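With the hints as constraints, model all of the structure from the sequences given.
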Amino acid sequence: MATFNHERGLTTFRYEPLPEDYHTRALELYPALDTNAPLHGTFRYVDLNVDPFYDAVSYAWGEPNFTEEITMNGDSRLYITQNLRDALIRFRHPVEKRSIWADAICINQNDNNEKRWQLELMAEIFRCASSVLVWLGGDSKAETHLHKVALLS
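Quick note: numbering that gives the first Met the number 0 has the sequence shown finishing at residue 152, numbered continuously throughout.
No lab work stands behind these hints: they were computed from the structure.
Quick caveat: nothing in here was measured; it's all calculated off a predicted structure.
Among the clues, some could well be false.
[Stated by the list, open to error] Now the in silico label distances, taken between C-beta atoms and shown as ranges:
#1 P93 to W116: 31 to 39 Å
#2 G137 to N48: 31 to 39 Å
#3 Q81 to R43: 19 to 27 Å
#4 D20 to H92: 17 to 25 Å
#5 W116 to A36: 31 to 39 Å
#6 G8 to R126: 18 to 26 Å
#7 A36 to F65: 14 to 22 Å
Glycine included, every Cβ here is placed at the ideal spot set by N, Cα and C.
Given below as structure tokens:
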């Protein structure tokens, strides 16, 4: 079901279909003590009626260049944007897995039908999340904006 990448010894990740309409995927992001460590994870299916234990990430996609990668299931690579990589590194726990929902990775972007019905569920996905994490980027402007938001609240 995946294609082999001879250059890196890993296959290219392929999404499995979601089981039902009221399901989504959550990324089980593996921990790392070193913030420079590569990203690793697996997906799990989430039934929004029963098992909404994940943190949703709100962030700007940034440039649509899928140049960064996360190793999935230990044997395949999924390409992501730099801004999503930066957010995942920032939100990754040092010693335990973290369950994260981010649209660019948890929705199969190559499947228009899945994108359509997952986008229809997006408000529910955020509502059901254990928490919502906001990533404004890692630059100094983002820090300044976050400080202004904190002053307003």
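Hint check results:
1. For the pair P93 and W116, the supplied restraint of 31 to 39 Å holds, since their beta-carbon distance comes to about 35 Å.
2. The hint said 31 to 39 Å for the Cβ distance between G137 and N48, and at roughly 36 Å that hint holds.
3. Separated by about 25 Å at the C-beta atoms, Q81 and R43 satisfy the suggested range of 19 to 27 Å.
4. Here the CB-CB span from D20 to H92 is close to 31 Å, at odds with the stated 17 to 25 Å.
5. About 34 Å separates the C-beta atoms of W116 and A36, a value consistent with the hinted range of 31 to 39 Å.
6. Evaluation of the 18 to 26 Å hint for G8 and R126 yields a failure: the beta carbon distance comes to about 41 Å.
7. For the pair A36 and F65, the beta carbons lie near 20 Å from each other, so the given range of 14 to 22 Å is met.
Figure legend: structure checked against the earlier numbered hints; hints not met, in rising order: 4 and 6.
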